[in-house]
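Participant: Residue strings, one per chain:
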Amino acid sequence: MSNLSLIVVLLVLLALGYQFGTRRSRSIATVNPNLRMHSRPHHYGMMVGLWAVLPAFFILLLWLWLSPAVINAMMISALPTDISAQSTEQLRVVTQRINNLANNFGVVADAAPWELQAAEHFRQLKANSALVLTALIAVIAAVGMLFGLLKITPALKARHQVERVVKSLLVLCSTVAILTTIGIVLSMVGETLKFFSYIPPTEFFFGTTWNPRFSTVGVGEQGSFGLVPLLAGTMMISAIAMLVAIPLGLMVAVYLAEYAPYRLRNIAKPAIEVLAGIPTIVYGFFALVTVGPFLRDLGNTFGLTISATSALTAGVVMGIMIIPFISSLSDDIITQVPKTMRDGSLGLGATKSETIIKVVLPAALPGIVGAVLLAASRAIGETMIVVLAAGNSPALTANPFEAVSTVTVTIVNQLTGDNDFSSPQSLVAFALGLTLFVITLLLNVMALVIVRKYREQYE
Amino acid sequence: MTIIAENPIKSVAAPSQVQQKVIASLRKRHRKEKLFRSLGLSAVLISLALVALLFINIFAKGIPAFWQSAITLDIYFDPKIINVPQKPVQQADESDNDFRQRDLAWQNQVGFVNFNRLIADSLQKVLPDAAKHRRDLGRVVTSGERFALRDMVVADPSVIGQTHTLHLLTDANIDVWLKGNIDRSLPDNQQQLSPKMREWVQSLSEQGIIQNRFSLALFMNADSRSSLASAGLAGAFMGSFYMMLVVIVLAVPMGVAAAIYLEEFAPRNRLTDLVEVNINNLAAVPSIVFGLLGASVLIGWFNLPMSAPIVGGLVLSLMTLPTVIIATRSTLKAIPPSIRQAALGLGASKMQAIFHHVLPLAIPGILTGAILGVAQALGETAPLLLIGMKSFVASVPASPFDQATALPVQIYLWQGNELRNFFEARTSAAIIVLLMMMISLNGMAIWLRKKYEKRW
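Residue numbers (this note's numbering), protein chains in the order written: chain A, 1 to 459; chain B, 1 to 456.
So here's chain B without its partners, still in its complex pose (with noise of 0.2 Å):
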């Protein structure tokens, strides 16, 4: 050690037993001192590492799913196929009911026409040996995309007889095999891709008919079963919107008065002793027991509808009022007292000189606290499994009445699929997608902290 080797003692004499005994103690001392600040700085390194390696993981694994291969082909929309009559027009005589009936009837039709056949028409001329392989050429492109021709159909019947350019998503499968998620040396019964069709997604991405496309499909899709490709985040990410905007309406409101009575206005006695702890404990409460909360008193007493975002919604804000009473209680306490006593001192009521001075003080920190209880609500699973928000749905929610799923029960749903090596990376981008909301809300928080932070 270099400040023994300095000591002006070792240079005129030779150390006495004690002082080589103190030495030596020093030295294991430092020694022992070393280990320990290098086991701390370990321990914020090993931490620091294990939120950078999940970020890089999950990031690793999602990104590629926003890419997704589709196939470019020129549909022709045949009249011989789409054998349906004219669009109808609203006559001048006819009500409005009555045209939508026949509006109605008429979309029926166009939903029977064969749009399969246009695309594996049009394939055909893409793959010279088609004919002969009928049922693998049905696979090509994923099924729910037939839907998309017939969407355009009806919202233009004069593209019938035309020619239009399209990319249309292939199966999943093809996907897995282009991305190389699935290992291409294994035996032809252990692979998802029949040897033709394997020969022509090599041969279409070759030419580059079959390319990554940015996938619109995951955000602007409902989920779907049927058709892998085209499952979407746009049901849930509904589902979690409907859900917040109950949590805001209700719990931030709710948690502010309730704080503001509790902080300003609240005697201090037994009773609210007992509130105050309650409050505490019901912000540690484990989140599933909301969930069971929800599912006997909400749906099982109210006979409110399962599945629904409002019930998810009255859920989480139950869930987050602790969390919306504790910030605000805080921040309220912050503000000094001479604001308040400059207000009464000039003659305002108590009220006044609350919601006219204090409370406006303390907005920043009130949103805070509230934007932080949003995204806690944003990113809970448990209680939403319990109320039935785990159920498949395969259409966006149109009000918070209707039957919806969540952004983080969706993650839940499609870790679960049995096409493993699509959906891990699917999951992975929906995760990024609920991460990425979640982090935003938080800089929100942080922003407005740094902003409007006060040091009285």
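Isolated chain A (complex conformation) (with noise of 0.2 Å):
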């Protein structure tokens, strides 16, 4: 909470060395009447607060990140030497202890003497250097405070400096998207590296039973992590999904682009994509107990076994969220198919159906199926929907009316939320989860790359 405080004291800072600078430019201008100032006064002010706050922000970050080891390192060099020579794996739990104790959470066992000496210590050592943050950002404010206030000049570029800063601020913001990617990829790879020297890659892409078994089991029975089942379900519910929406969002969209009125149009639009705005946990709720039982129950009267929770059933309500996806996007494409086009069949006698069957759609088809593609990435990633209502088993079946697992369910199942990465019963999610994401980003790549031919093409 001390670091909140601290990032206050900043942002006072700043707000002080703003009026201090603007201030002293006024008065600064009024001394020199005959000189111009380069700047407004209210860059001048910027300037000196950005001098007062970012040097002591930037040591508080460097403080904030080397400071831990160097208090860890600091309080294991004064334990008595026959346990600073255990190996790093104890002095971790030893430190563990120590850093509870400190913080007056309990511990297993009595403590020491030596882990209370040891405890005060810490305690002593990080009060220290709180103190010692505080002062030396204090010194750092102050300094630069009064270097920008001196630095003012009227020929000082007070401008060019602020607009550098912030849009130095703006690059380092664009950058986090990527650092993002670069996040995603780089943990994802490492982890599943970890987990390939359990698992060697081919048993993992190309076996056939998913039985992970729990870690506690033991070495000797490994499990079996076999992607196939895993991957068979995902498919098969997405294909339900697809099978469902394309029919469904297709012709919504033919309707709407070509057929409705501007009235139905200006409602129905809206209203259809109020179920992309739905968290997907509600639809999973609505798969369980309403579309499950409901399907169970039509199965029995054709005497069929359908169990509630299912591939269909998934696949069903998947392709209900995805009617929206693949509606708006493929009205916008036919929408913007040139209206000559139109024009030139209706003319020649075609009716309205046969110029969108053959003239209108196939001009589109390219975003389409780009739309499409994007539909198919979104189904493969969900996850709420087959967690609840997909029956989480992991055979290798052709059978859509009996439960399967997906790759997502369980990519949930796996992590438990414990952070203990070191099983590769936890780390085949990550194995899984690179699976998954280089599968949706084939797909987002294809059809951005098509629906972007397209719109090239009509432009």
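Rather than coming from a laboratory, the hints here were simulated on the basis of the structure.
Accuracy of the hints is not assured; some may be wrong.
[To be verified] Below, simulated DSS-like cross-link-like pairs (lysine-lysine); rule was C-alpha separation at most 25 Å, straight line:
no.: 1; chain 1: A; residue 1: K157; chain 2: B; residue 2: K350
no.: 2; chain 1: A; residue 1: K167; chain 2: B; residue 2: K350
no.: 3; chain 1: B; residue 1: K350; chain 2: A; residue 2: K352
no.: 4; chain 1: B; residue 1: K32; chain 2: A; residue 2: K352
no.: 5; chain 1: B; residue 1: K28; chain 2: A; residue 2: K352
no.: 6; chain 1: B; residue 1: K21; chain 2: A; residue 2: K358
Take the two lone chains and join them into the complex the hints point to.
Facilitator: Okay, here's the thing in structure tokens:
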């Protein structure tokens, strides 16, 4: 919390620096009325504020990053020699205990006197560190502000300096998106490689049984990590979803773009798009308590056994979810097809439906394919509907009426929420995640390229 | 077909063979046209019906859960049972800390009072044959209500010795029975209530002592496992609130800044092309992948706390960032270049032109995009499951660093509760709350767009 208050203090300093800088630039301007100041007063103010805050902030970040390790090392060096000589793994346990003691959390068993002593030392070090940090930041901020104030002269290009800082801030923000991608790829590749040190990749990619067992069972029973049944489940559910969504979504798009009167279109389009905004957990619940039992009863009347949680249930509900993706993307694309093409066809005597089927849709096809690919990638990565409604049974089956499991469901099941990523049972989640990432990435890139190419064609 | 019937050719002479062929094929083509058209209309109607079905289904299930059966009892705060000393008063020479210690010790003592006996005693007054069925007697009022009584005593010790008329929540199973969510004709061994209990509940509800009352517990309490009837959404709501706060503080300014750079400053080259493709991709990456990122990087490397809204907020921020960037960029793109040129022509720097002239015009569009991004983050579940937010938390988080769940995760947890016939309704109620929040966010976005939309 003290770090937060430090940041608040820095913000206050920013405001103060701004005030001082503005005032000083004004007084300089009044003292030398025949000199033109290069920038507006608020630029000087901003510059002083930045001089006060930026170096201090930088030091703060550096301190927060480095100080825990330094404090730890100092604490360990003060421990009795027989303990500090232990292996790093044991030392980690020791420091964890001392950390807990210092924070007044409970520890297992009674604390030894040297542990209490170390905890006291640790607390002392931390308090000292906070004190030194505060003092350091105060000094640096004061020096920075003074430096900034002294720098103010009529010739100083304060605006350029401020704008350069703002621009680099903008650049920094736009790199976050790239850093996110890099972070995703690096972290997942790292953990996946760790996983492949337990299980060879061929076994993972081509294995046909999924039975990871529990990590507590022991090393003798390794469990089998075959991707194929999960991927098959994912594909089956996505295929069912697309079977539901493509005809419906496409027909909706065609009707709304070509036939619907203006008023119907104005009501129906946003109403259908509501479907896209509903959280997926709601669809999952809907599938579980309504669609699943309905399909099971429907199957019973036709003499079919459909389990309430099955690939069919999840697929149908996911299809409903995807309708607006396909309909609104296709709608955009269909309306982009030039009117001259329709007029040409109608002028030759074709009916409207013939025009749509033989002229408009073929012209819009690349865009529609892009929309379908995007929707498919959405279906493959969808999690909550399948977690609730697909039944979670990782068996290789071609029967859509049975329960299946998917890649996403398995990720949720394997990462049960502890941060110990050392067993293949939890590491496999990252291998699955990477597989998912690559598949959706390919679909997305393909779709984007197709859509972009198409746009250029008619623009 | 009417058009053909009025065809003048027909009235003059019998149609030739070719004409007959044409007429037949026209008939067929027009039939196809009609079929295609009705297919389109039915697709629209089916989709609208699905939207309606979803909402009607959830609302029909969830709305009854906003009212919950409660029993009206005259609770006598018997001084013999609440046998605690006077509430400590701060002495003049006592430090705040010492007083707090003493006060906590007193509260602790109050905590040991058998409040269940107070409830049981007042129940005996309305149930004449209660003494013989002690086990059932303890199960009429849900177990969490004794804490409500304790809190009353702690807040105001003068209630001791007085009688207060209170509405206490009944056990979840009684609620289920009264609402008819369980088949009443099932044999005894499949009923959740004993025969005696059912008799009591029947007579109490006929006397009006047990009534359906608006369930404040649903909104005021955190989740609970020991006292299912008093499980509420407050904890999850605060968890979601903190996460949205993080998203608003991080994702929105960062996204806007990134969009300004990419749209206004960035040179057109390979690198910015790559950034653009990357952002479009990031917007379509499955949300669960962001959860994996959070689990391995934020929790694994940076050692941030598990299940904390701060981590959830960071993950959701990364997820929303592309949405905000894309929305802001398209808004900036729509602002005519003449605005920039006018500012530049009058001697403004590029930065001034953008921050003083372009950005103010773009604010409605940016806000719309930001609100939609926040709404998307609010409904997201999957990544939160991976960073430990599916653990059971029975308290309302006081800061973004405490353990918490979120509204959608609470829905996930409740739908899995074993007491299905109680929690199905309660889950639907939670969904209604979530949907209402999302609808109001979306409504706000639409209103903003309608109000400030400008056509250049």
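Participant: Work down the list of hints and note, for each, if the structure agrees.
Facilitator: Going through the hints against the structure:
1. A:K157 / B:K350: holds (15 Å)
2. A:K167 / B:K350: holds (11 Å)
3. B:K350 / A:K352: Violated, because 51 Å separates the two Cα atoms, which is more than 25 Å.
4. B:K32 / A:K352: Roughly 10 Å separates the two Cα atoms, so the pair holds.
5. B:K28 / A:K352: holds (14 Å)
6. B:K21 / A:K358: Measuring from Cα to Cα gives roughly 22 Å; hence the hint holds.
Hint 3 alone, counting from the list given before, is not met by this structure.
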